[in-house]
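Got chain A sorted already, so can you dock chain B onto it with the hints?
Below, each chain spelled out in residue letters.
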Amino acid sequence: MHVREQAADFKRFGERYGVQWTPTILELAPDGTEQHRVEGFLETADFLAQLKLGLGKSAFKAKQWQDAERQFREIVDRFGQSDAAAEALYWAGVSRYKATGDASALKETAAAFGSRYSGSTWAKKASIWK
Amino acid sequence: MEIKWRHDIDQVLKDAQTERKPVLLDFSAAPT
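Listed in order, the protein sequences are those of chains A and B.
First residue of the first sequence? That's 38 in the numbering used here, and the numbers climb one at a time after it.
First residue of the second sequence? That's 1137 in the numbering used here, and the numbers climb one at a time after it.
To be clear, the hints were calculated from the coordinates, so they are not data collected in a lab.
Warning: the hint list may mix true and false statements.
Between beta-carbon pairs, the in silico distance windows are [unchecked claim]:
1. 1141(B) <-> 140(A): 39 to 49 Å
2. 1153(B) <-> 48(A): 17 to 27 Å
3. 1145(B) <-> 153(A): 32 to 42 Å
4. 141(A) <-> 1146(B): 40 to 50 Å
5. 1165(B) <-> 80(A): 10 to 20 Å
6. 1151(B) <-> 139(A): 34 to 44 Å
BS3-like, lysine-lysine: derived pairs with alpha carbons at most 25 Å apart [to be verified]:
7. 1150(B) <-> 94(A)
8. 135(A) <-> 167(A)
9. 162(A) <-> 135(A)
10. 94(A) <-> 1140(B)
11. 162(A) <-> 144(A)
12. 94(A) <-> 135(A)
13. 1157(B) <-> 94(A)
14. 48(A) <-> 1140(B)
15. 98(A) <-> 1157(B)
16. 162(A) <-> 100(A)
17. 161(A) <-> 135(A)
18. 144(A) <-> 94(A)
19. 98(A) <-> 144(A)
20. 1157(B) <-> 1140(B)
21. 100(A) <-> 1157(B)
22. 135(A) <-> 1150(B)
23. 144(A) <-> 161(A)
24. 94(A) <-> 162(A)
25. 135(A) <-> 100(A)
26. 144(A) <-> 100(A)
27. 144(A) <-> 167(A)
28. 1140(B) <-> 1150(B)
29. 1150(B) <-> 48(A)
30. 98(A) <-> 135(A)
A few chain A residues facing chain B, derived, Cβ under 10 Å [stated by the list, open to error]:
31. 50
32. 56
33. 65
34. 67
35. 69
36. 78
37. 91
38. 137
Ideal placement from N, C-alpha and C gives every residue a C-beta, glycine not left out.
Okay, chain A solo, but in the shape it has when bound:
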């Protein structure tokens, strides 16, 4: 919705979801609950990666671990250069651990950060799993 062309809706829903800036894209669950937020302009690949990150987070919240891992791994595979990729790699490992209970999933994820995204915040977060 556009700030001027749909001003009333923009104000009402902007207040409901605490939107402070444009562009903002919200990914909502079917019940209207916010699952993921993208603030600011992104190029296509980064934007698609963010949308998939939201799908992965939705599946994760629903405890659909395998679907979540699939979404996260697809980001790493298809949009590996995007800013979302490091976060996706992290959550893919967590999703596998949740699905299997096997801590080696976390260890393997930490090892994977040794060759990709090593300077990222997510690599630092995963470093505890080594």
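Just chain B, lined up with the frame of chain A:
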């Protein structure tokens, strides 16, 4: 991944609940 953009937000949210589909809500100020 095809996105069908609509402008009737209240109805979109109702339909999403009925059809169990996720929603993208876009807040824009881009020049038109």
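Next item on the list: Check each numbered hint against the structure and report the violated ones by number, ascending.
Entry: 22 and 38
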